[in-house]
Structure formats: structure tokens, C-alpha cells
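A.B. asks: Sequence:
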Amino acid sequence: MNCRIQIRDLLNAPNSDELLLDLAVLISERGVVFLRDQDLTFEEQKDFANRLGKVTGKPATSGLHSHPINKNYAISSELDKTYTNQFIKARLSNRSELHSQQWHSDVTFEPIPSDYAVLRLREVPPRRAYEVYERLSPAFRIFLEGLTATTLINPGPRGAPEDVGTHLSAVHPVIRTNPVTGWKGINELSKDESDLVLQQLFDLAVQNHDVHVRHHWNKNDVAVWDNRSTFHAATADFDFDQYLRLGERAASLGERPYFDPNSKSRREALVLNKETKTTVVTSYEP
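Residues in the sequence shown are numbered from 1 upward in steps of one, following full-length UniProt numbering.
To be clear, the hints were calculated from the coordinates, so they are not data collected in a lab.
Treat each hint with caution, since some may be false.
[What the hints assert, rightly or not] No farther apart than 30 Å at their CA atoms in a straight line, the calculated lysine-lysine pairs in the BS3-like style are these:
#: 1; residue 1: Lys-264; residue 2: Lys-54
#: 2; residue 1: Lys-219; residue 2: Lys-54
#: 3; residue 1: Lys-46; residue 2: Lys-219
[What the hints assert, rightly or not] What follows is a set of in silico ranges between Cβ atoms, one per label pair, in the way DEER data are often shown:
#: 4; residue 1: Leu-246; residue 2: Glu-145; range: 19 to 27 Å
#: 5; residue 1: Trp-103; residue 2: Glu-145; range: 18 to 26 Å
#: 6; residue 1: Ile-142; residue 2: Arg-214; range: 31 to 39 Å
#: 7; residue 1: Arg-141; residue 2: Gln-242; range: 40 to 48 Å
#: 8; residue 1: Pro-126; residue 2: Gln-102; range: 15 to 23 Å
#: 9; residue 1: Thr-41; residue 2: Leu-204; range: 33 to 41 Å
#: 10; residue 1: Leu-244; residue 2: Arg-141; range: 38 to 46 Å
#: 11; residue 1: Ser-190; residue 2: His-216; range: 42 to 50 Å
What you are looking at is a predicted structure, and each value in this text was computed from that prediction instead of being measured.
Glycine included, each C-beta is placed from N, C-alpha and C at the ideal position.
Can you make the complete structure from the sequences, with help from the hints?
C.D. replies: This is the structure:
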């Protein structure tokens, strides 16, 4: 969804918390929101990410994530050029593998992963339906809801007191509940079973293009997404030796992932709310 608003206006509005809460709910319901041509400092970007989490009730101990390896927030094709070019050249014969390996949610290796992430690109190269969970059979949903998964990747804390240590591993529910919407969006299996289940889930997300949204970036665009309910990937569709892509990402940390068996899927919740509530982002004129 594209929103014609300025983040700086939201941050400085007299009813800022109310406006940010409306926007956060919209982001969680839609998965991602794009805001064009934002005049924004990086400090404002970080404040925006952190406040989205705060107004939706994240723990007071959860702040912004600090990456355990590079400790910065830069998104740069120049910094990653050597690795990325080697990665692409090694997989030109299998583009589906390249793309599927890039699909991810942010910092799932942490006990307290990200809720909202805010990405702004300052330099961009030239340009060259949304319900995966619903496509699982009811029996397969029940099977998955009792499972957990382990994610592996600087001592902390890295934005939350629980995100500490050099053993970068965290166990989370395979199906988790988003606390903003209440929607539900593998260690108990053998390796072969786990590989089969994970591959089916990855294929479901990556190969169904009608559940994807693709954004054509312009300079100073901002993307905000809910890591608890979405995957994202960068598209390597430009020459890294000729063009520069540069930006920053701020990732707010949320709550420890959990599963509420009474939570509803996105479709179930939208059908129930269709006649009773419509989410609207209140406009503000400075």
C-alpha cells in the first residue's frame, strides 16, 4: 500500500501517538506500507521504528536492534558487492534458488526478534493477494501449530536484555500470533521430515506470486513492514559494478514470539471485521 504522508509530520503531530498507532495497525494488517519521497534523517527513521513498537505495546525493555556482526544499519550495494556478485554468478543457472534463499524475516536468530522494520533508500539504481497461510490445509495447520523452529547466526544486549551472548540461536513457534492483529500467521521432527516441511512452506511463500507485493524504488522512498507476519527479499536486478544502492534500515525489537491457539488467520479476522470496522490512517496537516 502506498501512503501519501510524511513521517516527520507524524512524529511531530500533537496527536502523534494516535496517528502512529493507526499506521502501525495498518502496517500489521497489510504486511507492508510504502511511503514515497520522505525528507527524513536517520535519527528520525530510528525514532519512527521504535515508536511504532511502543504505541502497539512492545515491552519497555525492547529498543532498536544492533546487528551482532557489522553493528551498523547500512544497506549498501558497494559494501556487499564482492559477496553479492560471487553469490549471483554462482547461481545464475538457478534463479529460483537465488531468490528463495533471500526471502527472510529480520533477526529471527534473536530471542526477541524484530516487530517493525523501516527501510529507506537514499540512492537507487535505474529501474529495470496476500495470504500464504490460507493455502495450508486445515490438517497441516494443526500439525504446524505445535511445532517450533531454531534459527542460527557480539555479545549484547542488542536492543533487548534477552538478546545477549555469542551463541546466536533462538527457538520460536513455527506458527506465531501477531499481537497487534491477533492473527496467527522444527525441532519436533526428524531432519528429513523437517526439510520436507520447511521446503513446502518456503515454496508456498516464494512460488505464489499473487501473494507478493513488489515495490519499484525511487530515491528517499521508505518501506515499513511487520516482521512477525511477512517475508521480504531484495531483487538483484541491476549491475552492482555500475550502479549504487544505498540506504539504512532501522529494526524495532518486539516481544518474544508466541502462539495463541485462539488467534485467527488473516482471512478469518477480516471477514469477521468487514461489517464492523475499517482501519483508517488519520491525516494531519502541519
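A.B. asks: Now look at each hint and say whether the structure bears it out.
C.D. replies: Now the hints, each set against the structure:
no.	hint	result
1	Lys-264 with Lys-54	holds (23 Å)
2	Lys-219 with Lys-54	holds (28 Å)
3	Lys-46 with Lys-219	holds (18 Å)
4	Leu-246 with Glu-145: 19 to 27 Å	violated (41 Å)
5	Trp-103 with Glu-145: 18 to 26 Å	holds (22 Å)
6	Ile-142 with Arg-214: 31 to 39 Å	holds (32 Å)
7	Arg-141 with Gln-242: 40 to 48 Å	holds (46 Å)
8	Pro-126 with Gln-102: 15 to 23 Å	holds (21 Å)
9	Thr-41 with Leu-204: 33 to 41 Å	holds (39 Å)
10	Leu-244 with Arg-141: 38 to 46 Å	holds (44 Å)
11	Ser-190 with His-216: 42 to 50 Å	holds (43 Å)
In terms of the numbered hints stated before, the structure departs from hint 4 and from no other.
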